[in-house]
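Peer 1: Residue-level listing of the chains:
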Amino acid sequence: MSATMTAAGTLLPMAGEESHFPPTPADFWQPLFPMFSLGETTYYFTRPMALILISFIVLTVWLLVSTRRASVVPSKGQWFTERVYDFVRNDIARDMIGSRDFLRFTPLLFALFTFILLNNWFGIIPPFQNPTMARVAFPIALTLIVYVVYHWIGVQKHGLGGYFRFMIPPGLPSWLVPFIFLLELMTFFITRPLTLALRLFGNMFAGHMLLVVFIIGGWELLVHGGALSLVALPAWIMGAGLTVFEALIQFLQAYVFVLLAASYFGGALADEH
Amino acid sequence: MDNTAIAGLVASGAMGEGESPPILPYMPELVFGTVIFLAFLWIIAKKVVPNLEKAYEERASAIEGGIAKAEKAQEEAEAALREYRAQLAEARDEAARIREEAKEQGAAIVADMRRQAQAESARITETAHRQIEAERHQAMVALRSEVGRLSTELASRIVGESLEDEARQRGIVDRFLADLEAGERQPTTVAGGPEGAERTDS
Amino acid sequence: MSSSEPAGPEEHTPGRGAQTHLATDAIAYLLAGPFTFGGIGFGVDHLLGTWFVLPLGVLAGMALSIYLLWLRYGTP
Numbered sequence: 030m031s032a033t034m035t036a037a038g039t040l041l042p043m044a045g046e047e048s049h050f051p052p053t054p055a056d057f058w059q060p061l062f063p064m065f066s067l068g069e070t071t072y073y074f075t076r077p078m079a080l081i082l083i084s085f086i087v088l089t090v091w092l093l094v095s096t097r098r099a100s101v102v103p104s105k106g107q108w109f110t111e112r113v114y115d116f117v118r119n120d121i122a123r124d125m126i127g128s129r130d131f132l133r134f135t136p137l138l139f140a141l142f143t144f145i146l147l148n149n150w151f152g153i154i155p156p157f158q159n160p161t162m163a164r165v166a167f168p169i170a171l172t173l174i175v176y177v178v179y180h181w182i183g184v185q186k187h188g189l190g191g192y193f194r195f196m197i198p199p200g201l202p203s204w205l206v207p208f209i210f211l212l213e214l215m216t217f218f219i220t221r222p223l224t225l226a227l228r229l230f231g232n233m234f235a236g237h238m239l240l241v242v243f244i245i246g247g248w249e250l251l252v253h254g255g256a257l258s259l260v261a262l263p264a265w266i267m268g269a270g271l272t273v274f275e276a277l278i279q280f281l282q283a284y285v286f287v288l289l290a291a292s293y294f295g296g297a298l299a300d301e302h
Numbered sequence: 739m740d741n742t743a744i745a746g747l748v749a750s751g752a753m754g755e756g757e758s759p760p761i762l763p764y765m766p767e768l769v770f771g772t773v774i775f776l777a778f779l780w781i782i783a784k785k786v787v788p789n790l791e792k793a794y795e796e797r798a799s800a801i802e803g804g805i806a807k808a809e810k811a812q813e814e815a816e817a818a819l820r821e822y823r824a825q826l827a828e829a830r831d832e833a834a835r836i837r838e839e840a841k842e843q844g845a846a847i848v849a850d851m852r853r854q855a856q857a858e859s860a861r862i863t864e865t866a867h868r869q870i871e872a873e874r875h876q877a878m879v880a881l882r883s884e885v886g887r888l889s890t891e892l893a894s895r896i897v898g899e900s901l902e903d904e905a906r907q908r909g910i911v912d913r914f915l916a917d918l919e920a921g922e923r924q925p926t927t928v929a930g931g932p933e934g935a936e937r938t939d940s
Numbered sequence: 812m813s814s815s816e817p818a819g820p821e822e823h824t825p826g827r828g829a830q831t832h833l834a835t836d837a838i839a840y841l842l843a844g845p846f847t848f849g850g851i852g853f854g855v856d857h858l859l860g861t862w863f864v865l866p867l868g869v870l871a872g873m874a875l876s877i878y879l880l881w882l883r884y885g886t887p
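Heads up: the sequence lines are chains A, B and C, in that order.
The first sequence begins at 30 in my numbering and counts up one residue at a time.
The second sequence begins at 739 in my numbering and counts up one residue at a time.
The third sequence begins at 812 in my numbering and counts up one residue at a time.
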């Protein structure tokens with residue numbers, strides 16, 4: 030596999046770039062320019078960082094412009110913003126957290142949803158075509174913020190002692206308590222946030238790989254495939270279909286991330302446990 | 739697949755030391771992503787959501803105000819209707835009462851009239867009676883003088899004696915009549931004697 | 812964003828958050844058990860020069876995870 034790739038890459042350098050087929054995880058490493066060096070290592074400003082910045086600017090401008098003069102009778106722009114906001118506010122936040130506390134969390138959940146959704150859709154929107162969340166650092170950053178808030182409100186609600194006591198379910202044989210406590214600790218602080226971050230990351234990463242396989246693969250077949258170049262068309266049709274599918278997945282992952290964040294907040298605020 | 743991954747790592751090795759396995763976060767990206775997201779969150783929480791919530795609240799209060807206004811209007815309309823109905827019922831009662839009163843009054847008037855008519859007719863009858871009485875009395879007085887004259891004339895003719903002298907004549911007649919009324923003298927010579935006695939009895 | 816929102820007279824509808832993350836919790840628990848106790852086993856193996864504590868730890872972790880899930884969500 031790697032032999033063919035390097036062979037193709039050396040034989041036919043496509044306009045100075047090396048071939049991207051088959052896609053490797055290394056394809057996601059796209060440094061733009063070095064920022065600074067610390068000792069031995071040089072830190073780069075990467076393309077996903079540029080995308081994050083672009084998404085930040087686009088979202089900020091959109092939201093500020095459409096809500097600057099928010100009025101009782103909405104303009105078209107405000108109406109659209111309100112639809113998105115309503116979805117997060119009522120269908121996610123109020124549903125998951127409950128009508129008493131949800132308003133405190135709507136800014137965070139709304140920010141998460143719009144931010145993740147646009148960055149996910151960057152995966153299929155030309156000329157970006159790279160889902161930012163396929164770089165694990167960004168889902169982890171968002172998960173960290175969610176988890177700081179999650180534990181903060183949990184401790185606030187139940188007190189530090191009550192918060193840890195709640196980790197030990199009732200009806201447990203006493204000799205098992207230390208083991209279970211360790212297990213709960215791991216679950217609460219490591220695996221749960223990890224699954225939240227990795228679900229988003231994994232979906233974006235794998236989805237992008239899949240699109241790359243079909244679209245770049247179709248190109249490779251067309252250029253180097255000889256008789257197999259006939260297969261390029263079905264590969265592209267497949268790629269187009271998968272792009273639509275991917276758009277849905279990208280929306281769904283943004284929704285799931287925010288839904289789970291809201292459900293964690295709701296769980297931490299729930300009265301009975 | 740391992741091969742390609744390693745090949746990818748090797749190939750990108752030339753690019754720089756920043757390369758890491760995809761499952762490990764690249765620190766600059768982590769820090770940058772966190773900072774950018776916090777800035778975004780700050781803008782959302784300070785500018786966007788308050789504006790939207792304010793619009794929502796205003797909308798809700800506008801709707802509530804509209805509902806309250808409509809409710810008030812309806813209440814007023816119902817109150818007016820109630821009042822109108824009450825007035826109508828009152829008017830109807832009043833009319834019925836007035837009709838009743840009028841009926842009573844009418845009956846009273848009719849009774850009164852009848853009483854008055856009866857009284858009137860009684861009075862008229864009495865007047866007529868009295869008049870008749872008076873006329874009879876008058877007629878009797880006239881008749882008496884006539885009878886007196888006739889009888890003296892008759893008597894003078896029969897007696898053949900002139901009793902033309904007025905004074906004597908009146909004196910005789912009056913004495914005769916007084917005697918007649920007193921019942922002391924029986925009318926033996928005069929024809930009208932028994933008639934006069936009969937009349938005084940009646 | 813103050814918590815003193817008009818939640819007074821109208822009744823409070825509780826969120827469904829506590830039940831919803833059950834599915835993801837299950838994955839988190841099932842991962843946490845083997846990882847934690849497998850990790851402990853790995854450390855013990857490394858210290859004592861043995862080889863069998865790691866698989867034992869993984870198995871024990873799995874068992875504990877399943878037991879905990881049953882205890883938390885399986886019992887009424």
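Among the clues, some could well be false.
[As the list claims (entries may be wrong)] With beta-carbon atoms standing in for the labels, derived distance ranges: (1) A800(B) - V273(A): 37 to 43 Å; (2) H180(A) - L858(C): 45 to 51 Å; (3) A798(B) - F853(C): 29 to 35 Å; (4) K784(B) - G860(C): 57 to 63 Å; (5) A798(B) - R97(A): 47 to 53 Å; (6) G803(B) - L880(C): 48 to 54 Å; (7) I86(A) - A815(B): 23 to 29 Å; (8) P155(A) - L867(C): 52 to 58 Å; (9) R97(A) - K807(B): 54 to 60 Å; (10) L82(A) - W881(C): 46 to 52 Å; (11) L867(C) - V252(A): 42 to 48 Å; (12) W881(C) - V273(A): 40 to 46 Å; (13) R830(B) - D120(A): 34 to 40 Å; (14) K784(B) - P263(A): 26 to 32 Å.
[As the list claims (entries may be wrong)] Chain C is faced by these chain A residues, among others (derived, beta-carbon under 10 Å): (15) R97; (16) I126; (17) G188; (18) L189; (19) L201.
By construction, these hints were calculated from the structure, which means they are not laboratory data.
The C-beta atom is built at its ideal place from N, Cα and C for all residues, glycine as well.
Peer 1: If you check each hint against the structure, which ones fail?
Peer 2: Structure breaks hints 2, 3, 5, 7, 9, 11, 13, 14, 15, 17, 18.
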